[in-house]
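Novice: The lines below spell out each chain.
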Amino acid sequence: MLQPRLLVPLRALERAFAPSLRSAQQAYQPQSIFQRTLSANMAIPKVMPSISRPLLPFSQVRFASHASQGTANRHSRDPAGKRLGAKRSGGEYVVPGCIIFKQRGSKWFPGENCAMGRDHTIYATQAGYVRYYLDPERHPERRYIGIVFDKEAKLPYPRNAPSRRKLNMVGITRVEPVGAQPDLTASIAGVNADNTQVASVEAVNSEDGPQLRPGYMYREANWIIGRAAEKAGIFAKPYDRGNRWLAWRKRQARAERAAQMKSLKGKKKSSKKAK
Amino acid sequence: MRSLSPALASLANVFRIPMSLTPARPTVSRVCHETLARRSSPPLGPITAAMQSAPFSSTSSMAKRKSGGPNVDKRITLIRYFLYHPLTPRPLRFSRNRYLRHWTIHRAWQLFQAKQRSAHELELERQYQAMQSACEELRVGAGDGGRLFRKSMIKKGIFTDMFPIEYGRMQTEYPAGEGWNHDWKRPERR
Amino acid sequence: MAHCERASKPLLQCLRNTYTRGLPAIQLSARGFHSTAAVGEAQPDSQPFHKSPDPELVSSPRLERRLMRQGTTPVGSRRRRAALQGSANLPFEQLPYQCFQEARQVLLADRAEKLEEIEKMRQRIARVEALSPEEAGGKNSQKSRVHAMQQHLEHLKIHADINDPLVKRKFEDGQGDMSKPIYRFLADRKWREYRRKILVQRITQMNVVPDVLPHCEPTVDTKLYFNYRQVQPGDFVEAKNSISAPKLDVQLFERGEKLVTIAVVDSDVPNVEVDSFDYKTHYLAVNVPISAVNTKVDLSQLSAESQVVLPWLPPVAQKGSPYHRLSVFIMEQKDSQPLDYAAVKAKETDRDNTLLRTLQARYHLKAIGAHLFRTQWDETTLEVMKQIGFNEADVELRRKKVEPLPYKRRNPSSFR
Chain A
1 MLQPRLLVPL
11 RALERAFAPS
21 LRSAQQAYQP
31 QSIFQRTLSA
41 NMAIPKVMPS
51 ISRPLLPFSQ
61 VRFASHASQG
71 TANRHSRDPA
81 GKRLGAKRSG
91 GEYVVPGCII
101 FKQRGSKWFP
111 GENCAMGRDH
121 TIYATQAGYV
131 RYYLDPERHP
141 ERRYIGIVFD
151 KEAKLPYPRN
161 APSRRKLNMV
171 GITRVEPVGA
181 QPDLTASIAG
191 VNADNTQVAS
201 VEAVNSEDGP
211 QLRPGYMYRE
221 ANWIIGRAAE
231 KAGIFAKPYD
241 RGNRWLAWRK
251 RQARAERAAQ
261 MKSLKGKKKS
271 SKKAK
Chain B
1 MRSLSPALAS
11 LANVFRIPMS
21 LTPARPTVSR
31 VCHETLARRS
41 SPPLGPITAA
51 MQSAPFSSTS
61 SMAKRKSGGP
71 NVDKRITLIR
81 YFLYHPLTPR
91 PLRFSRNRYL
101 RHWTIHRAWQ
111 LFQAKQRSAH
121 ELELERQYQA
131 MQSACEELRV
141 GAGDGGRLFR
151 KSMIKKGIFT
161 DMFPIEYGRM
171 QTEYPAGEGW
181 NHDWKRPERR
Chain C
1 MAHCERASKP
11 LLQCLRNTYT
21 RGLPAIQLSA
31 RGFHSTAAVG
41 EAQPDSQPFH
51 KSPDPELVSS
61 PRLERRLMRQ
71 GTTPVGSRRR
81 RAALQGSANL
91 PFEQLPYQCF
101 QEARQVLLAD
111 RAEKLEEIEK
121 MRQRIARVEA
131 LSPEEAGGKN
141 SQKSRVHAMQ
151 QHLEHLKIHA
161 DINDPLVKRK
171 FEDGQGDMSK
181 PIYRFLADRK
191 WREYRRKILV
201 QRITQMNVVP
211 DVLPHCEPTV
221 DTKLYFNYRQ
231 VQPGDFVEAK
241 NSISAPKLDV
251 QLFERGEKLV
261 TIAVVDSDVP
271 NVEVDSFDYK
281 THYLAVNVPI
291 SAVNTKVDLS
301 QLSAESQVVL
311 PWLPPVAQKG
321 SPYHRLSVFI
331 MEQKDSQPLD
341 YAAVKAKETD
351 RDNTLLRTLQ
361 ARYHLKAIGA
371 HLFRTQWDET
381 TLEVMKQIGF
391 NEADVELRRK
401 KVEPLPYKRR
411 NPSSFR
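Chains as they are written, first to last, in UniProt numbering: chain A, 1 to 275; chain B, 1 to 190; chain C, 1 to 416.
Everything labelled a hint here was simulated from the structure, so no lab data went into it.
Hints are supplied without guarantee of correctness; some may be wrong.
Said to hold, decoys possible - Simulated DEER-style distance windows between Cβ atoms:
#: 1; chain 1: C; residue 1: 217; chain 2: B; residue 2: 151; range: 52 to 62 Å
#: 2; chain 1: A; residue 1: 78; chain 2: C; residue 2: 207; range: 25 to 35 Å
#: 3; chain 1: A; residue 1: 134; chain 2: C; residue 2: 394; range: 44 to 54 Å
The C-beta atom is built at its ideal place from N, Cα and C for all residues, glycine as well.
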């Protein structure tokens, strides 16, 4: 393995070290270590017998079988895919909130009836059909994703045309807000005349009184319990920094309670010990 | 009185600020700490009050400013601190009359300069026109069919073997005292 | 007050000395101008100062109090009044500063030059106009030449006065005479610096311009007042404030009188049946004269016989509906010719189905000014609805429930 060119300075080095090393060799012979490290080719000491044994480990070589094993903290070179790209193609029907395109950075921009999320995701704000388009009057280079209401419509719309919008609302009978009443049970029946569902306020369990609730308990609704104090006309005093008398009383109460708890603790321990 | 850094002392000397009156500038970090500490006390400034009543806010209600004192920008505080520091030179402030006088003088000076510029340009225009008419006269009125004019307009060899004779002298608006150097000889070509 | 008098004393002494020694002529001439008498000279003929204190000069608190009891408030700060007591109160253009006076000479010379040029230009325009079209080389070329010369003339008129400090001061005080071109120019420049930008931004960002009209390039400054309160462009207006018609302040920056059509259009009337939005004209008036000096237009005071086509209808928004944009458009009539009121009145009777685009095309109008306010459901809307007999007052709008797309299993063979 070692080139003869390399051996010349090594020999010189050995000559310089030889007397002291020889003396050390007599006292201590690292045979076992030497044989373990160079077990791959034991021919070397036979070919170049002039090199003394202790100098050989300095010129050690790493072979391909060692290097290929990799370092401990080397990061993975191939991370998992992030599932980016188009989720809906052009012409597909989407509803509000439907994700159309996932991307890193704004490769596509939101056009008509679309919006961009926190991570540049393009999603629909209206129900309709997806269009991928360019709008050179708005921006010469940007690519847009938009939603049209008609299946055959084209984007972009002309610059000066009035915007096409949809109301997406239904008319129902207006109800007076009943803030004074203790229970806010009055709400709207969810189905309209033309059988459209209305997203109404929370009106679940509008009947008052205790009922069988989740958890197999026969009790009132949580929001009624929460409003009990209000119904009884009890209100928390607004906090006043300057009211030192109240602060002193609270502090005293807290200290008393702490002392009580401490004494209870001590009793328990002592009783346990007695057992 | 704590001693000042040499840079500050020299500054104070330049601005003729007596050293005994010079308050030492606290370090930026200390100012920041004080700013942050002061934030807990809530004096509602006119700016924040105006912000709250602004009808055009693009902030959503979820992201609106939490109560508990105005959210003062630290950078603004620092800018204000160093802007109004006694070591900072006073801004130039004029009374109204004095400002108007200043403005009058400024406008007059601008007007004067503009007139000078336009006069200069007119003069250059006139010179150019005069030269052009002279060339035209040479071309048409010399009686040789414009031969002389064509010869004079040949630009062969200019900037290739020698630079033109006009650049042999500094360009001035008027000719020199002696109009022509009669002893001039064309240098020998090597 | 002794304190402030002491403060202004050194300056005053210095000024007084300059006046008496250096410029007696100016001081003498100055006497004729100023209205308030200087205290420096005694007033032997009239009453002593403490008997009838001058509100411009009084500086002692006792005399001030007496003045206030009489009902006149002193002018300016006490320090200023104290300083004025000893000054000669020279008019601004005679202030004895050498560089200033030299600068004034330069500016005055330039102004005289410009006036000469204006005179010359007027004569040239008259000469060109007097020519017959054949002599001037065609009717169009003559017209364009005259137009260019007139523009140059307007340019010269502005340049003659723009360097005058007194013009600047008057404009800054808001006392500019809008019949003069220089004040119109300054006002236009100031409007374009900030307020026009805001207006254009609001009407484009809120999509008024493509929704109501295809183009609008505002050239007149429009202010809108409801109940004596100004409304910024795009602001929300409570329903009870907009019961009565607003007042407009339309500032024209050009010479002459114009006849305009004023329209207020709501572009967000919800229409549940077709699931879309409708337009509604809340006000329409034609043949409204405006000029640079006559700017105030009270929409409720316009004559019902010759101007108002559709009277004011208070805007209301149903509960739950998105905000309504009410855009005010000032539209110039072609060549400032009056429209035929009776014909317009007979034709435009339908508030709901008239688009402003149609009107614009039908009567050859051109939008020169715009304003915008918004309205939404608030506490006072219900009263207003009852007052005007709004027939859908008890209808509330709610969002339609969105049906989610059916779950589609994609490529099931790859699932493990």
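Novice: Can the suggested window of 25 to 35 Å be confirmed for the beta-carbon pair residue 78 of chain A and residue 207 of chain C?
Specialist: violated, 48 Å
Novice: Starting from the hint 52 to 62 Å, judge whether the C-beta atoms of residue 217 of chain C and residue 151 of chain B obey it.
Specialist: Since the Cβ atoms of residue 217 of chain C and residue 151 of chain B sit about 59 Å apart, the hinted range of 52 to 62 Å holds.
Novice: Against the range 44 to 54 Å, how does the distance between the Cβ atoms of residue 134 of chain A and residue 394 of chain C compare: consistent or not?
Specialist: With Cβ atoms ~47 Å apart, the hint holds.
In the structure shown, a violation is registered for the earlier hint numbered 2 alone.
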